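Participant: One letter stands for each residue in the lines below.
Protein chains: 4
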Amino acid sequence: MTEPTAVAGVPMRWVGPLRISGNVADIETEVPLATFESPLWPSVGRGARISMMVDEGIVTTLVDERMTRSVFVRAADAQTAHLASLEVDARFDELREIVRKCGRFVELIGFHHEITANLLFLRFSFTTGDASGHNMATLAADALLSYLLDTIPGISYGSISGNYCTDKKATAINGILGRGKNVVTELLVPRDIVHARLHTTASAIAELNVRKNMIGTLLAGGIRSANAHYANMLLGFYLATGQDAANIVEGSQGVTVAEDRDGDLYFSCTLPNLIVGTVGNGKGLDFVEENLTRLGCREERDPGDNARRLAVIIAATVLCGELSLLAAQTNPGELMRAHVRWEREDKTTKVGG
Amino acid sequence: MTEPTAVAGVPMRWVGPLRISGNVADIETEVPLATFESPLWPSVGRGARISMMVDEGIVTTLVDERMTRSVFVRAADAQTAHLASLEVDARFDELREIVRKCGRFVELIGFHHEITANLLFLRFSFTTGDASGHNMATLAADALLSYLLDTIPGISYGSISGNYCTDKKATAINGILGRGKNVVTELLVPRDIVHARLHTTASAIAELNVRKNMIGTLLAGGIRSANAHYANMLLGFYLATGQDAANIVEGSQGVTVAEDRDGDLYFSCTLPNLIVGTVGNGKGLDFVEENLTRLGCREERDPGDNARRLAVIIAATVLCGELSLLAAQTNPGELMRAHVRWEREDKTTKVGG
Amino acid sequence: MTEPTAVAGVPMRWVGPLRISGNVADIETEVPLATFESPLWPSVGRGARISMMVDEGIVTTLVDERMTRSVFVRAADAQTAHLASLEVDARFDELREIVRKCGRFVELIGFHHEITANLLFLRFSFTTGDASGHNMATLAADALLSYLLDTIPGISYGSISGNYCTDKKATAINGILGRGKNVVTELLVPRDIVHARLHTTASAIAELNVRKNMIGTLLAGGIRSANAHYANMLLGFYLATGQDAANIVEGSQGVTVAEDRDGDLYFSCTLPNLIVGTVGNGKGLDFVEENLTRLGCREERDPGDNARRLAVIIAATVLCGELSLLAAQTNPGELMRAHVRWEREDKTTKVGG
Amino acid sequence: MTEPTAVAGVPMRWVGPLRISGNVADIETEVPLATFESPLWPSVGRGARISMMVDEGIVTTLVDERMTRSVFVRAADAQTAHLASLEVDARFDELREIVRKCGRFVELIGFHHEITANLLFLRFSFTTGDASGHNMATLAADALLSYLLDTIPGISYGSISGNYCTDKKATAINGILGRGKNVVTELLVPRDIVHARLHTTASAIAELNVRKNMIGTLLAGGIRSANAHYANMLLGFYLATGQDAANIVEGSQGVTVAEDRDGDLYFSCTLPNLIVGTVGNGKGLDFVEENLTRLGCREERDPGDNARRLAVIIAATVLCGELSLLAAQTNPGELMRAHVRWEREDKTTKVGG
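Protein chains in written order, with the working numbering: chain B, 1 to 353; chain A, 1001 to 1353; chain Z, 2001 to 2353; chain P, 3001 to 3353.
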């Protein structure tokens, strides 16, 4: 590793604008997507255009936010593990104090534990300001673990990470107990726009969503993943904004709901595991700073507000791409034709120009 | 989207060399990892150094390879869906012929079907030469679907993708029926190297693996994901070699096995869903071509051989990072100290130089 | 265990009749349900009455049947495991011969394997005549395992059961690869019957099914289980007919689909894992013989035909109970009122009279 | 349904005695198992004999208890659903009061909510005295739901059950958030007893447990189910004591841990979802009353104490059967020989005598 750090230059374009409202911010903005898969751009672009035709645009609701880290300890036996868990329950205030010393922006907001045999798994939840919070959470968990090992008898070190967090693996716990920002997006598309822009009907999309995203994933043995391709939009946006893109693993777990409301289309994407930040690793790179600034996520705001703004923009972007792909898949052959056409056009695009 | 395509420059370093043997190739090579998380480099580097101390290095076994796409059709009723599935069974040779016309490198090697209510899900498996094969598989599935709709009575178009593939969502089917390259990696680390280089013991790693990767993930409601952080290495390598990195979602699903063999450490990572190619989208970018060339994956070889070589290199890289992190987590505080140290040192590194 | 065997007398009633058609048999029959939960009887009874009002009744389609057993062996390394798997692939005819010697009714119809580290899991599929086949499958797997251990170098005994079968645990593999009888049931209920008998509408049931059975289970981290209470009907029927009722674990994994077809209700239950037989353990008890006889499942028929008849009757019974409960849950308070009323009435019922 | 209620007479034997200690009770007792699968009796009997050879016997730790019911409501939009959830959070004391009016033994101890699109799922946790609590929980949830619908604007009835409970379906939420009694059992078997009685070694059992119960289930796409056959023991015990045996579906989800401790065997079964009671449906039947009385679960005790006693006896019984089967499976052919021998002997047993 004597050679200097190079860069992998992932092609990036700004797509949109898209319109966003909701409990975090009212925004009209283009969004940057870095990807090797160029058809992603026009796909998200189509959804974005539709959002601009609707007064409220994509309504985003931030429901929860937290970063988590689990540790586990080994106890003499299950009874000791159980007593230790009761001790932890009783010391929440102390634990909060310990975490407060770990940093200005990290705060313990809850924990959850589970015992198997003589192992006690402890999952801590933190708020972490504008950072996605992996490192803050690990640092705080390390302090908590040391304190618990020092003060509770009969337990010994297991691991600083117990996979009960769960970081970058597909599990159910993140959706159930929360990890990252939990954002619901909704868009009500009038019937005529469904026809004119998406070349389909609300009922066709609603039926496809049940059969493909719900039943298809269920048959495949999926876990909390009723959607077509959240991972694509997340990857593109995460790379463009310096996020730890391996978190698309849990990010890919979310639920698309589509309803035919008298011909209008109610379309919603719920993303319970958006792990994003506007400060921290990767955020100091020039292109990341530029992108975050252009997205309005580098303003002087209360801690966490920039990250929340970023989260709802990402969530809305996911909706745009999800809507566009599902609409295309209602029509035989449309997906193939769109890909072929786009890739042909794209050949003339100078990348990195 | 009038502005030209820019690039998201993800910091990239070459790490290693690492040593690989097995049923695909005997290789000593450095490996490129593009990431915003710089501690990944020394972590993989530590594993790589250990591989160089062992004669056989990391033994990789390619067990299977295929790309998949599922479609679904809607039948008049379940009985019609069932008869349609029997028809498909009977026409495998015809279906192969149809796929042969879709391209020089794509071949139908199997299919699987499942019926729910009046819906028939068909999951096709293809070999796709040196391409990861998303587009080939979709093109071929489109042709197969058209043919089936034209020739089997009582069924109508459902979707060109039925989520039973499954692309970029966490499911069980990909591991069970295969999607991408299935590679097993194994490394036998002598006791003294475990002590000197990993500062731990084989039994400590074996115990941690059971408690964290197996029990911890299980408690979290995980699905086929007994590992610490495959997703990190996959993301870094996929970005550096022009892969569709959203496929780390299924790539993150794999199993780490660690055994204490009289003090020596048997360490194995099984990665059933490596979706990689050496041609196709993203592979024409300059840095990707350079990287693939330096990895020896742009040689004149039989179709598929370059991609298989790439797959085993990636799998071995995953083992390096997984071993290093698990070893660190056996020791209280080591992970935090390593991160802090590395990030301090890394501040002086000129990125992009 | 010196005392004689006693009996646990589970209350049992015959409910119905219900009407069944499809690719196995056209039947009108009452069905026996043994349960401690008496509200199950009127619930299934309501569904049964509706089936009698529709010409075709409940249309049942038997899609597949097989019993499975997995073994695993330990190989010297993954490469040896892989070579062993190729050997197994090449010896299918030999393996079939070995199984033929294990019994008159057991036949090997396929297998599937998967490798993790140096472990080779082999999942065998058998037809087993009119028996559910647990014992036949284990006996045959034992013979196959012995043969493989004797003739393939480098592998040693792992276990006669590798949990990859999977028996009585909730997994995805049984639905994907099959275990037991796979039966789809469908009932088309005219609009006026939906109103008059179920006091609801097709659209209300369809919406509830998506929100409760699909989304609700998905959020809970469910695995292939989009239904309200298949387990209840299965338990009642299994106990009444001498089945190994612990197989309701995998039996509980199935999918309810409900569609509003212009006011009529299309209602379907897919049960991929019905593990039932008409001979074998438990079938010699007097009440079981009586019940099977009354169900027409002790006739002189081709091997397997009685079991198939039983499977579709059970599947249809599941539909009756599922339809009734879902309909009730569309109306606020109805479920509570029905339970209270039934349990009051039931107090006067002499059990065992 | 004019005919009187009959009975399905499931063969039942008392097995044991087994020895139990722990945080609920110190007990030596035989246990009743009703089953059509007669080899279950000697299998559990072998484990029971081992428990009698160890001073502490099987140490059981009751970690948690609760019964749950989820409802869902439909909101005007996600923002309304979110505000409703905040209202629910703020009204915990009121909700507790409402539940107190529902019955003497039911108490609200917590709740959890999750939003998807415009749907709000609310999962309530109750203690229910000595009852398993299905009906109490439903009654209380019905009252809570009515109250919420009456007092929170913008929401309407969804369902009295939202499958987020989750009753009788295999999910992750029950283990993570609790449903039923959560009991950990542990048994430390000295090396010589492992050899003499189980004909195997601690290390063989520990290895088999990892490979079969952990890896095998994981590969099958299992969900929180690392065990061999909990469902068998649960079914037998549930039927013998009047439980709603369909709850073996979630009961089957638990984790076996086995460790080689210098030749001694540490063996543990964690059963997070034991849904049992000593009063309620089925408990008034003569044989059930007799069995519960003989188990010491019909004494005058504080509410809940009898049910807790029953839960730890069941959990210990599960350990006996699990230990016995795993031990048998470490030896090639032993399982088949045991089955054949037992079923031959059992032919002479008069059932029902």
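The hints are simulated quantities; they were obtained by calculation from the structure and are not laboratory data. Owing to the predicted nature of the structure, the values given are computational and were not obtained by experimental measurement. It cannot be assumed that every hint is accurate.
[Stated by the list, open to error] Simulated coverage check for chain B against chain Z, where a stretch passes if three residues somewhere in it have a Cβ under 8 Å from a Cβ of chain Z: (1) 172-183; (2) 209-222.
[Said to hold, decoys possible] If you want a taste of the chain B side facing chain P, the calculated C-beta under 7 Å gives, among others: (3) D77; (4) H82; (5) L83.
[As the list claims (entries may be wrong)] Take a look, some chain B residues computed to stay more than 12 Å from chain P by CB distance: (6) P39; (7) T80; (8) A81; (9) E97; (10) E186; (11) A204; (12) A226; (13) L285; (14) E300; (15) D305; (16) L335.
Built from N, CA and C at the ideal position, the CB exists for glycine as well.
Participant: Confirm or reject each hint.
Facilitator: Structure-based check of all given hints:
no.: 1; hint: 172-183; verdict: holds (count 4)
no.: 2; hint: 209-222; verdict: holds (count 7)
no.: 3; hint: D77; verdict: holds, 6 Å
no.: 4; hint: H82; verdict: holds, 5 Å
no.: 5; hint: L83; verdict: violated, 9 Å
no.: 6; hint: P39; verdict: holds, 27 Å
no.: 7; hint: T80; verdict: violated, 9 Å
no.: 8; hint: A81; verdict: violated, 8 Å
no.: 9; hint: E97; verdict: holds, 24 Å
no.: 10; hint: E186; verdict: violated, 6 Å
no.: 11; hint: A204; verdict: holds, 19 Å
no.: 12; hint: A226; verdict: violated, 9 Å
no.: 13; hint: L285; verdict: holds, 34 Å
no.: 14; hint: E300; verdict: holds, 27 Å
no.: 15; hint: D305; verdict: holds, 18 Å
no.: 16; hint: L335; verdict: holds, 25 Å
The structure fails hints 5, 7, 8, 10 and 12 (numbered hints given earlier, in ascending order).
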